[in-house]
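Engineer: Listed below, chain by chain, are the residues.
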Amino acid sequence: MISGYLITILITIVIYAMLAHSLNIITGHAGQISLGHASFFGIGAYTSAMLYTEVGLPFWISVPMAAVAAGVVGALLGIPCLRVRDDFLAITTMGINFVVEAIFLYLPFFGGAMGIGGINLPRWFGREMTKPEYFILILVVFGLLLLLDRRMGRSWIGLAWASIREDEQAAGAMGVDVVRFKVLAFILGSAIAGLAGGFYAHFLTFIMPQNFGFGQSIVILSMVVFGGIGSRWGPIVGAIILGLLPEVSRPIMEYRILIYGILLLGMMRFQPGGLLGPESILPRILRRSVYSLRGQG
Amino acid sequence: MLWQQLANGIAIGSVYALISLGLTMVYGILRILHVAHAGIYALGAYVGLLSFRLIGDFWLSLMIGMAGAAIAGYLVERFLYTPLLHLPRIAPLIVSIGLFTAMEEAFRIIAGPHTLAYNARVGLGDFSVGSFHLTETQILILFVTFAILIFLWAFLAKTRTGLAMRACAQDPETTSSFGVNVSAVIAVNFLIGSAMAGAAGVLVGVYDNQVWPTMGSIPAYKALAIVVLGGLGNIPGTVLASIGVGLAETFFIGVLAIPFPRDAVAFIAMIIVLMFKPYGLLGKA
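Sequences listed follow chains X and H, in order.
The opening position of the first sequence corresponds to residue 1 in our numbering, with each subsequent residue numbered one higher.
The opening position of the second sequence corresponds to residue 298 in our numbering, with each subsequent residue numbered one higher.
Each hint should be verified, as a subset may be incorrect.
[To be verified] No more than 20 Å apart at the CA atoms, straight line, and that leaves these computed lysine to aspartate or glutamate pairs for EDC-like: (1) H/LYS574 / X/ASP86; (2) H/LYS574 / X/ASP87; (3) X/LYS131 / X/GLU247.
Source of the hints: derived by calculation from the structure; they are not laboratory data.
Generate coordinates for the entire structure from the input sequences, incorporating the hints supplied.
Structural biologist: Right, here's the structure in full:
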């Protein structure tokens, strides 16, 4: 039997992996940046929580609606920004993070600083899901998202994203509708973050505005950068390592944000591909050891 | 009452201008969104406060705060931004965010999480005519900002280095081919921009009589919104947008008492202006 503590960590890590993956669609696939990814996470969590506690919709409807709500807000922000200049997206997403947190905090409708409680785990077969079952549910959903991502990567959409990331002007000259594909990546990434928010709300059973502040956005960004922007498994590995670290050691927990900041800075400065990027240390060591093994054999 | 609010708005707008100008100058020359600029601003406040406690003279502490910020800005440019200029533009931006986050945490760990008082006597005295009243610190802010803006204008318009800076902002490669040392120009750009942010940090510290670790958080995105509002990289536009946002905050929240987060005004203004003028108030396509 898996202990409650372990299952809590596992669920948290899968949610972080989902968030890192969703930011990777925006940053890694389309080369854009969202500095307020936690706000979409928060919009999802609050949508799902409000629909569940106030409207009385079941989990199975409230969580998909969380993805829709975050995706719609993403579209409203992304379309005007990405049409004008990329930099505006970075500024707007950073600003919206502070605004969204302030709205959750100051509007009594959203429960203010106390947040929203009374959100339960989903029910199935006439009873409430256990935590291990919930973990498997999230894992399956995440697996499906990764499969979808792989399929998209091999389709025209993936090719268009790759061309935009490598050379935007050349892609535009070849007839790729640059703005449309950037907006698509932004909406998709926001929607998945919203979905993660819905799962998070039903797992924690109560949510507070502080869970979705700018610091949280930095945490998600650190996972993506640490693992490797644009690589499929990098951000997931980043989420696992950075998600586990604070659990392993108390001092790391204390100076968590400082470590994330230094990690962002140091990784980008010395190892911009991240842990699993094509030019990074880890793949090189692996390749070398494979070669040396073959050489002996 | 109206004149009073006008003066308050301009005082707040002046601080915004001091922070935003460095940001817009950096963007103009390197095309980097320098988020860590707000960290430099807070650093200026801490260095100023530390030297004020050691020396006890406000004007000297203002100078030291500006110098500390300028040196920090220069180091950031040399060791973090310049080596990354060949990478996609997202790379220096991520470095900047990491640095800003780390700086805030470093302030919290070193100086403590609570606010520290910056109780400086400037020696200017208050000024009042009838119901119109300017506090000492407001006069200080207006005076220092005015002096710095005059200096900046004279520097950019009248000196050879200033001319080289304007040329670099337009086209660094061509400027370099005319024999201008672009690397030195970028360094001067960061020194001046960061010194202004440091001055803003000290002024806010004295105005609010407090210095705290996350004092850069709101300026970090507010200054970015102001810079976009004025037209990224456009210096007169940035000054105009700063004063405009300062006035709008004072009037909408202070006079009309609209129940609305004050710090969202700049952001809302940015979005509204971008709808009609996609390149900002004075920006060009």
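Engineer: All hints are to be evaluated individually against the structure, with a verdict given for each.
Structural biologist: Evaluated hints:
no.: 1; hint: H/LYS574 / X/ASP86; result: 16 Å, holds
no.: 2; hint: H/LYS574 / X/ASP87; result: 16 Å, holds
no.: 3; hint: X/LYS131 / X/GLU247; result: 19 Å, holds
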